[in-house]
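Trainee: The chain contents come next:
Number of protein chains: 2
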Amino acid sequence: MNPGLLIVLSGPAGVGKGSVIKRAKELTDNLYTSVSATSRKPRPGEIDGVHYFFKTRQQFEAMIRENRLVEWVEYCGNYYGTPKEYVTRELEKGRNIILEIEVEGSMKIKEMFRDAVLCFIVPPSFEELERRLRGRKTEDEETIRRRLDRAREEFRYIPKYDYVILNDTVEEAARRFVAIIRAEQMKTFRNLELIERLTNKE
Amino acid sequence: MNPGLLIVLSGPAGVGKGSVIKRAKELTDNLYTSVSATSRKPRPGEIDGVHYFFKTRQQFEAMIRENRLVEWVEYCGNYYGTPKEYVTRELEKGRNIILEIEVEGSMKIKEMFRDAVLCFIVPPSFEELERRLRGRKTEDEETIRRRLDRAREEFRYIPKYDYVILNDTVEEAARRFVAIIRAEQMKTFRNLELIERLTNKE
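Chains A and B supply the protein sequences, listed in that same order.
Each residue of the first sequence is one higher than the one before, counting from 1 in my numbering.
Each residue of the second sequence is one higher than the one before, counting from 1 in my numbering.
By construction, these hints were calculated from the structure, which means they are not laboratory data.
Predicted model, so just to flag it, every value in this text is computed and none were measured.
Treat each hint with caution, since some may be false.
[Said to hold, decoys possible] Calculated cross-link-like contacts (lysine to aspartate or glutamate; reagent style EDC-like; alpha-carbon spacing at most 20 Å):
id, chain 1, residue 1, chain 2, residue 2
1, B, Lys84, B, Glu104
2, A, Lys160, B, Glu193
3, A, Lys160, B, Asp115
4, A, Lys110, A, Glu153
5, A, Lys187, B, Asp162
6, B, Lys160, A, Glu193
7, A, Lys108, A, Glu61
8, B, Lys160, A, Asp115
9, A, Lys187, A, Asp115
10, A, Lys187, B, Glu100
11, A, Lys22, A, Glu171
12, A, Lys84, A, Glu74
13, A, Lys160, B, Glu85
14, B, Lys187, A, Asp162
15, A, Lys17, A, Glu196
16, A, Lys187, A, Glu61
17, A, Lys187, B, Asp115
18, A, Lys17, A, Asp149
19, B, Lys187, A, Glu172
20, B, Lys187, A, Glu193
21, B, Lys187, A, Glu100
22, B, Lys110, B, Glu85
23, A, Lys108, A, Glu85
24, A, Lys187, B, Asp168
25, A, Lys187, A, Asp162
26, B, Lys25, B, Glu172
27, B, Lys110, B, Glu92
28, B, Lys160, A, Glu196
29, B, Lys187, A, Asp168
30, A, Lys187, B, Glu172
31, B, Lys108, B, Glu61
Start from the sequences and build out the full structure, keeping to the hints where you can.
Mentor: As structure tokens, then:
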């Protein structure tokens with residue numbers, strides 16, 4: 001069995017990453033979102049190992065020291081990160097795993113997992129991104145400006161990604177994303193067993 | 001506008017390349033088969049520039065000398081080849097062009113067109129290929145044996161291709177092929193204009 005794909009998905013706040021992932025999961029049967037570790041307290045209904053791997057600050061800091069995370073951030077006083085062992089184990093099971101992470105983390109993933117597939121979701125235009133952010137009506141003007149500045153920074157990383165996915169509509173973007181996954185699974189270097197089987201015929 | 005993709009499709013005789021291409025063309029609206037040049041005489045109904053570019057032997061040999069073919073072969077006393085100018089012009093129009101060619105020619109294409117996408121169609125197994133060849137009932141035993149020997153040789157080139165497409169059913173293989181084309185069009189290096197447009201926003 002071929003190992004699963006490690007798929008990194010980035011894109012600015014408001015571009016619709018969550019909706020695209022949700023729809024892509026409906027369109028294909030082997031697509032899983034990575035479970036992060038966090039030092040944040042579980043909220044009602046959140047299950048350990050499903051929504052997050054819940055850790056104490058001490059446990060999380062030990063994971064950082066022992067290099068057991070592929071990437072991590074501290075955000076609003078809590079740690080969030082991706083356990084290396086979990087990712088490796090899921091890939092070995094043949095599962096295609098999505099990591100939805102920021103640009104800096106993505107670069108670290110690519111160093112650690114050379115065969116990771118890096119995808120960046122873009123809006124049709126910068127103006128459209130602004131419109132979507134304002135449309136959410138959940139952020140004040142200051143926050144929106146900060147998010148747009150951040151988007152500009154993030155866009156500079158696109159050339160380091162393998163694929164750029166246009167999100168004009170969620171349906172189209174999800175289909176594009178699924179096409180990338182299908183294509184990547186056909187890369188020759190991921191099918192050496194199949195090739196071996198055919199070439200060793202006498 | 002982005003230039004079109006140059007897609008090379010190879011695979012052993014009997015694997016079903018023609019049927020896969022035919023179905024893939026129905027599934028997508030920007031996919032064209034390259035028109036070859038030949039020194040063979042036109043058959044009734046064949047149109048110059050549609051089925052082939054018909055040339056005299058002298059004209060064809062001049063094209064070889066002047067390096068105006070991306071690849072060529074002599075087969076049963078006639079020349080067949082792909083005119084470089086034609087391919088370049090079609091790609092500039094934004095058309096995705098399929099070249100259905102043999103492994104040796106594919107390697108030359110990759111040297112000349114660095115961004116060409118090389119796909120190799122494989123049967124589910126060697127036995128299945130043999131079964132399909134016999135099923136055609138158009139070749140004698142000797143020809144079938146020669147084709148199977150040739151298939152073994154061709155399989156050794158697979159690692160030099162970008163993608164390996166399993167042809168279990170024509171429908172599935174065509175969908176795989178179309179997924180590769182969609183994915184390749186999203187490669188960041190093919191979308192520099194879009195990225196430029198987003199990053200230059202102040």
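Trainee: Lys187 (chain A) and Glu100 (chain B) were given as a pair; does the straight-line alpha-carbon distance stay at or below 20 Å?
Mentor: 19 Å, holds
Trainee: Holds or violated: are the alpha carbons of Lys160 (chain A) and Glu85 (chain B) at most 20 Å from each other?
Mentor: Distance ~33 Å between Lys160 (chain A) and Glu85 (chain B) Cα, so the pair is violated.
Trainee: Given the hinted pair Lys187 (chain A) and Glu61 (chain A), is their Cα-Cα distance within 20 Å?
Mentor: 38 Å, violated
Trainee: If you draw a straight line from the CA of Lys187 (chain A) to the CA of Asp168 (chain B), is it 20 Å or shorter?
Mentor: 17 Å, holds
Trainee: Take the C-alpha atoms of Lys187 (chain A) and Asp115 (chain A), compute the straight-line distance between them, and say whether it is at most 20 Å.
Mentor: Given pair Lys187 (chain A), Asp115 (chain A) holds - Cα atoms ~11 Å apart, limit 20 Å.
Trainee: Given the hinted pair Lys108 (chain A) and Glu85 (chain A), is their alpha-carbon gap at most 20 Å?
Mentor: Answer holds: Lys108 (chain A) to Glu85 (chain A) is near 16 Å, not above 20 Å.
Trainee: Taken at face value, is the distance from the CA of Glu172 (chain B) to the CA of Lys25 (chain B) at most 20 Å?
Mentor: Cα-Cα ~14 Å, so holds.
Trainee: CA of Lys187 (chain A) to CA of Glu172 (chain B), is that 20 Å or under?
Mentor: Satisfied, since the Cα-Cα distance of roughly 16 Å is no more than 20 Å.
Trainee: Holds or violated: are the alpha carbons of Lys22 (chain A) and Glu171 (chain A) at most 20 Å from each other?
Mentor: 10 Å, holds
Trainee: Has the given pair, Lys84 (chain A) with Glu74 (chain A), been kept, meaning a C-alpha gap of at most 20 Å?
Mentor: At roughly 17 Å apart (the allowed maximum being 20 Å), Glu74 (chain A) and Lys84 (chain A) satisfy the hint.
Trainee: Between Lys187 (chain B) and Asp168 (chain A), does the CA-CA distance stay at or below 20 Å?
Mentor: 17 Å, holds
Trainee: Is the straight-line distance between the alpha-carbon of Lys160 (chain A) and that of Asp115 (chain B) 20 Å or less?
Mentor: 17 Å, holds
In this structure, the hints that do not hold are numbers 13, 15, 16 and 20, in rising order.
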